[in-house]
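Next come the chains, spelled out residue by residue.
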Amino acid sequence: MPFKQFLQNIWTNSGMVIIYIIMFAACSLFVPCFFTLRNVIGLALSVTTIGMIACTMMFVLAEGDLDLSVGSIVAFAGIIAAVTLNKTGNVYLGVFAGIASGGVCGLLNGTLIAVLNLNPLICTLATMQIIRGAAMIVSNGIAVGIAVPEFFALGNDSILSVPNPVWITILIFVVFGVLLNNTSYGKNVLAIGGNKEACRLAGINVAVMKNIAFILQGFVCGIAGVTLSSRMTSGQPNVALGLELDVISACVLGGVSLLGGIGTISGLLAGVLIMGTVQNVLNLLNIETFYQYVARGAVLIIAILIDRVKQRNQAAVAS
Amino acid sequence: MDEFLRFENITRTFPGVRALDDVSFGVRKGTVHGLVGENGAGKSTLLKILSGAYTPSEGRLVIDGRAKVFSRTRDAINAGIAIIYQELNLVPEMTVAENMLLGRWPQRGFFLDKRRLRRQALAQIDTLLENIDPDTKLKYLSIGQQQTVEIAKALLHNATIIAFDEPTSSLSSRETEQLFLVIRKLRSEGRIILYVSHRLEEIFALCDAVTVFRDGKRIETFETMHEVTADVLIRNMVGREMKDMYGYRPRKKGDTFLEVKDLKGPGIKQDASFSAARGEIVGFFGLTGSGRTELMKNIFGAVGKEHGEVLVGGAAAKITDPFSAIDQGLCFCPEDRKREGIMAVRSVAENINISSRRHSVRAGIFLDKRREGWTADNFIQVLRIKTPSRNQPIGNLSGGNQQKVILARWLSEKIEVVMLDEPTRGVDVGSRYEIYQIIYQLAEEGKTIIFVSSDLPEVMGVSDRIIVMCAGSITGEVDRDDFSQETLLSMALPRE
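Keeping their order, the protein sequence lines are chains A and B.
Under the numbering used here, read the first sequence as residues 1 to 319, first letter to last.
Under the numbering used here, read the second sequence as residues 1 to 496, first letter to last.
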């Protein structure tokens, strides 16, 4: 019985991680070229943008909100970084400007949603378009080539043969993992998603907490945007279209509740990796892009179904 | 005896739990049959089996001599069973008539027959002695009226067996009277009524027979109410003798600690002033809508006040929001636990530590996990909170245990004034008693207790002094020696 309970605990607490481990093992066995250093590093690199932003998206979802503007912020931050680099020739200034511009976008979202109490879905649907428009306006609608080669190291060099963007993503996962599990801020965010009014009556400043989540989201989108423009050696106004849905999908795959209040960093990591691995395997198997869309959608639905079965079992045990 | 409905050897198990254990009893036609027991005793599970939401693991239902198996709720509805739950199953944005005929629309060919819809609804409302316009949207009705709509809906489905689950918990006393009239009328028509309530006086006022549950078992069925007293029921429910439900303990009163002067805000019509001393339990009594909750929320800073001041320990307290109130030693347990008290999906430990962790975090934000775990375990033990572990989501606990967690949240803070708004609503008899004991102990430690309740016997049983409110104003104040139901009620009832 204790052993069964032990297994049950692992399953309820980190079901998605187990599923990913099984999936990874199966892919290594059955998919040719999957378990090679080059492919695994390529896989890690392919999930960096989604992975970075999924960390903060989890906070936004966990507090019961939603942010559709992340793709636009990534593009905007990349453009701002490119333009600043070309104007000043200073790498640090360019990176700083890009990340800061993301933070400003986050502050805009946070103020509209947390302070003025607008509906997050509609509000970020609007800012998604506004910020994308701003990116187009600044860049004149065309790619901004970057004339400062030192900047390209950020996105293209490697440390210990692991590309920099992967290191950045790992760092962000660690930071937000600690923030979620070991700080009062993380617990407050989860509690707000659990019951906003109860939190207010427990003395928590809900508006400030929410605003912080959106600002953090903006900064991380800024980091992702700057990294991406370094990889592409240019700022592109049309980059990261539809990214918001990929990020939210990864969060849902990782067991983050869209109703708020539930989310774990290990589950999120599994969710991001499942998304990336499915894509990677489909590429390795040479499956056409059209079919890949269908497969990715199917994976998402299967994940939600697994989650529901899990929750139903839990509810039955509890009642 | 013509038993129309019979539960035969009903058992329902969940992994690790026996929610119902070999329950058998019968219900006669044209009677109101009460079901009583503490939370988790099995009443709700029994209703869910009757409604088809759960299937019994063993045993069966016999209706009118025929064994029935319900695998879906629709089967039960077709067999003439209706359950009126505490939370009503209605669509707020639809009209009364639409709600009543939801899912069985009268049609003319492809189209909705709106005239017939309205006529059928109106006819059914009339039989329930109510005066409700079938074209108003449901959300504009009072809770009592909404309940009538639910009953009317059941009758339109030709329900012969109607079960009520705590129907009066959010009704005013006038609405309760109205509901009783309706239930008695249904009984006289030969229907079977099952009635679940924590309020024993309702059981005595309404029921012809009563069955007591404890720990999933049927303990006793009384076929007539002649020889039954409240003491007998309570003894059967808790399985032990309980002399005094409230167990009041007199104690010494300290200096005046909390003073409220000329406070006015939303829901408070007339400037409110009162004071409370250290070690004193001040009861606030009033009917629903009397402004009690609004006054408490106002003192706590949860709603903006127009004017007035709050003095804590003789000094003016600057309270602008709940945080500043907590910082000055005030706390508030809200009436609507589910909406304002608990974070249902989060664990017991997190629900306890949500506020007080500000005293233990390092560098402003880093948690002291060991200490938080210790705090949670300590309160689980001291307050005897029934939970498998501190990591259990609080939503899985019973109402009484949830209330204890909320109390633990504030006991772990540095508080001096405890404001409790209907702390025993939806809480079973055993846990109630324990909550009263916690309250007395706090008072003995010198805390100031504000105890808000619309349950008159309770507020009289627990308080040292009662302040009565009515229609947004304080209408009277009575010391414990002068408590009488008549005086208090006359102060609480609106005049003209």
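In short, the hints are calculated from the structure, not lab data.
Please read all numbers here as calculations on a predicted model, not as lab measurements.
It is possible that some hints are incorrect.
[To be verified] Think about it this way: if two alpha-carbon atoms lie no more than 25 Å apart in a straight line, the pair counts; the simulated BS3-like pairs of lysine-lysine are:
| hint | chain 1 | residue 1 | chain 2 | residue 2 |
| --- | --- | --- | --- | --- |
| 1 | A | 310 | B | 338 |
| 2 | B | 414 | A | 196 |
| 3 | B | 318 | B | 414 |
| 4 | B | 414 | A | 87 |
| 5 | A | 4 | A | 196 |
| 6 | B | 318 | B | 369 |
| 7 | A | 196 | B | 48 |
| 8 | A | 4 | B | 318 |
| 9 | B | 48 | A | 310 |
| 10 | B | 414 | A | 310 |
| 11 | B | 386 | A | 310 |
Going down the list of hints, with the structure as the test:
no. : hint          : in the structure
1   : 310/A - 338/B : holds, 24 Å
2   : 414/B - 196/A : holds, 23 Å
3   : 318/B - 414/B : holds, 17 Å
4   : 414/B - 87/A  : violated, 56 Å
5   : 4/A - 196/A   : violated, 36 Å
6   : 318/B - 369/B : violated, 32 Å
7   : 196/A - 48/B  : violated, 30 Å
8   : 4/A - 318/B   : violated, 54 Å
9   : 48/B - 310/A  : holds, 22 Å
10  : 414/B - 310/A : violated, 39 Å
11  : 386/B - 310/A : holds, 24 Å
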